[in-house]
Structures are given as C-alpha cells and as structure tokens.
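Peer 1: Sequence:
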Amino acid sequence: FGEEHWQAFDKLIEKESGWNPYVCNSHSTACGLGQFLQATRKAYGITVESQPNDQVEAVIKYIKDRYSNPKEAWQFHRNNNWY
14 FGEEHWQAFD KLIEKESGWN PYVCNSHSTA CGLGQFLQAT RKAYGITVES
64 QPNDQVEAVI KYIKDRYSNP KEAWQFHRNN NWY
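In my numbering, each residue's number is its place in the sequence shown (first place is 1) plus 13.
I should point out that these hints are in silico values taken from the structure, not numbers from a laboratory.
What you are looking at is a predicted structure, and each value in this text was computed from that prediction instead of being measured.
Incorrect hints may appear among the rest.
No farther apart than 35 Å at their CA atoms in a straight line, the calculated lysine-lysine pairs in the DSBU-like style are these [claimed, not checked]:
(1) Lys55 - Lys24
(2) Lys24 - Lys84
(3) Lys74 - Lys84
(4) Lys77 - Lys28
(5) Lys28 - Lys74
(6) Lys24 - Lys74
(7) Lys77 - Lys24
(8) Lys28 - Lys55
(9) Lys84 - Lys55
(10) Lys55 - Lys77
(11) Lys55 - Lys74
(12) Lys28 - Lys84
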C-alpha cells in the first residue's frame with residue numbers, strides 16, 4: 014500500500030485493538046492487532062502468540078484479499094463496525 018493508505022490502516026488497527034497485539038475479545042475468538050477470529054488466524058498462518066510484525070503482515074494480506082486496500086477496509090468498517 015502507498016503512503017496515502019497509512020491513515021486508514023492506522024485507524025482500522027486503532028479501532029480494532031488499540032495497537033495492542035495481545036488483546037483478545039472476551040465474547041469471541043478475536044485476538045491480536047487485527048482482531049482476527051480463530052478461523053482467520055488459521056487461514057493467514059498466525060496464532061494468538063504470533064509476533065506483532067507477523068500480525069501486521071497477516072492483516073495486510075487479509076486487507077489485500079478482501080478489500081484491496083486499507084481505505085476500502087476502513088470504509089467497510091465504518092459502515093459495519095467490523096471488517
């Protein structure tokens with residue numbers, strides 16, 4: 014992604030996890046920077062214990078696969094309160 018996507022990426026991660034790679038949702042299996050559910054973590058090759066840099070790489074791949082770029086992912090999140 015280009016520099017023009019940083020703000021949207023930052024907002025998305027801030028909203029999901031507050032940039033805390035260890036945070037988990039007590040009501041679901043969502044954990045980590047991108048708050049991936051267990052199935053999504055498995056699909057992107059990370060675990061709850063994955064290092065922050067690996068989590069960021071997984072979030073980037075997920076965004077590319079599902080939304081094309083962070084701006085589109087952030088817009089979807091704003092409209093749906095998830096991404």
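Peer 1: Hint by hint, where does the structure go against what was stated? Just the numbers, ascending.
Peer 2: none
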